[in-house]
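J.: Just so you know, the protein sequences line up as chains A and B, in that order.
So the first sequence is residues 1 to 144, counted in my numbering.
So the second sequence is residues 1 to 361, counted in my numbering.
In short, the hints are calculated from the structure, not lab data.
From a predicted model like this one, the values you see are computed outputs, not experimental measurements.
Any given hint could turn out to be false.
[Claimed, not checked] Below, a sample of chain A positions facing chain B; criterion: calculated Cβ distance under 10 Å:
1) LEU47
2) PRO49
3) VAL115
4) GLU116
5) GLU120
6) ILE123
7) ASP129
8) LEU134
9) PRO138
Ideal Cβ positions, reconstructed from N, Cα and C, are used throughout, including at glycine.
Listed here are the chains, written in short residue letters.
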Amino acid sequence: MFRAELNDLLNWTASSPRFDQAGASAGAESLAQERERVGERSARRRLTPRKSLVVVLPDNHVVSPELVAERLPSTGDDETVDVIVACAGQPINLGVLQRRVHDLQVLLAPSGTSVEKLRELAIMQAPGDIVTLLSGAPRQCDDA
Amino acid sequence: MMSRALALSVIVPVRNSGSFLTEVLEAIRASELPSNTYEIIVVDDGSTDASVSVAARYADTIVRLSGPGAGPAYARNRGVELAHGEIVAFIDSDVVVRPSTLPRMLDMLGERPEIAAVSASHNEISGASNFVSQYWNLLLRFGEQRHAGRCAHFVPGCGAIRRNVLVAAGMYDEWRFEIACLENVELGQRLLGAGHGVLLSSELMVTHLKRWNLVSVCQEVWRRSRLLARSLGYLRMSSAVPSEVVFTLSRALTPAIAILATLTLAAAFLPSPHAIAKGSIALSALILSNLPVHRFYARMRGLGFAIVSAPVHIFVQIISAVALCTGWILRDVFGDLTPDATTQAYSEVGLEIWPPVRRRV
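Using the sequences and the hints given, assemble the complete structure.
T.: Below, the structure is given as structure tokens:
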């Protein structure tokens, strides 16, 4: 940091637009060239963030399909969301969820895997720039 | 996607903070708030360590920004764009809140509609026990105590703000503040300019875990002071902002005194019959000009700590004075900070891409 600042100070005469007209026009050219390059590069870059939804289901936990659907884009939206369900042991209501959400990715971890570990595993698999994590709730007796 | 209304969104910008993050996020989760009333959004600014994995254990949303790091101002703004809470709280990735901190902030904003933002101050005890960490932590605490109440400074580390006010104010200045430094000061001043109250509470205290050494403190002081002079203008800020918080000089006149003292001290080494007298006068002037700080150190940690901290403080002040002068020269010669040509070009073309181009306020 110190060295960079010192270099800035020592080199200011060479690059300052106030004192060096040639430097100024070179700077403008560089900005113009940069603008052209930006145009080219932008075609290759993604325009919107990729989104993922991670549903975490430890043993004997369930998630309501409505709650998951709430976090997904409505039918008219162009936006897509990758949905990943991370379960410990055998998931309980996965069929219901699969009917509501197409292209569901399921991560199966051994029974007894903690919520924290499931979340860690799922985030590694989630491709999104924005990842929403949703934890299931303990299964009530009448769900059984 | 349905929008969910929440009372609070806690935004934690992170960059290679794996070592502190568990404690920081656990403390947020231990807040005395019902879990369905708030969300935690972690914005990872290109970490190369295990920060994202740690964040995944506690966060409701994780934003992954690629690249070399765009800075906390940029990261916080990305978090605000996804926030569902009426109030947004920013907590740094080395700051541990108490269980009552966030609820108290919500209460304060609820009770006082004229206040748009409230920040917590440094705890008297730093997370790291080494001398320099304690010196720096107490120095910031001293400044915050002296200027507690309504001020123009939204303190970095832990602060809560009404989301609609923040959005209307243009959010953080990510255009100029790529490095973590004075973006909160600048935001505070904009809020004040728009007629909103900003409260710095001395009763709300948070613990900073970062371990400082003399080199890192000097670098921080250098960055703060240089940026203060270059981007914000010292004279404009000194009237509104607690100077200890912005940089380490404890009085508005101290930069001048520090420069004079440095020159006098240098002169004292020239062969002269009065060299010792000159040096003593210069040192005494410096110590006297900072007497409130030294008394504060003595009260908090004892006389020994105050005596040891005095030369460190003088050294830090000299760094600050030189950095201020550098900032003024840079401002005069190059003008205010601007992003690199690529960022400027992207911004001019106005492309919507991900991650977004840094925005002008």
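J.: Run every hint past the structure and note whether it holds.
T.: Cross-check of the supplied hints:
1. A cut of 10 Å between beta carbons decides the hint on LEU47(A): the least distance to chain B is about 6 Å, and the hint holds.
2. A least Cβ separation of about 4 Å between PRO49(A) and chain B falls short of the 10 Å threshold, and the interface hint therefore holds.
3. Satisfaction of the interface hint for VAL115(A) is found here, the shortest Cβ-Cβ separation to chain B being roughly 8 Å, below the 10 Å cut-off.
4. Interface hint status for GLU116(A): upheld, as the beta-carbon distance to the closest one in chain B is roughly 4 Å, under 10 Å.
5. With 10 Å as the threshold, the beta carbon of GLU120(A) comes within range of chain B, its nearest partner Cβ sitting at about 5 Å, so the hint holds.
6. The criterion of a C-beta within 10 Å of any C-beta in chain B is met by ILE123(A), whose closest approach is roughly 4 Å, and the hint holds.
7. Satisfaction of the interface hint for ASP129(A) is found here, the shortest Cβ-Cβ separation to chain B being roughly 5 Å, below the 10 Å cut-off.
8. The criterion of a C-beta within 10 Å of any C-beta in chain B is met by LEU134(A), whose closest approach is roughly 8 Å, and the hint holds.
9. With 10 Å as the threshold, the beta carbon of PRO138(A) stays out of range of chain B, its nearest partner Cβ sitting at about 14 Å, so the hint is violated.
In the structure shown, a violation is registered for the earlier hint numbered 9 alone.
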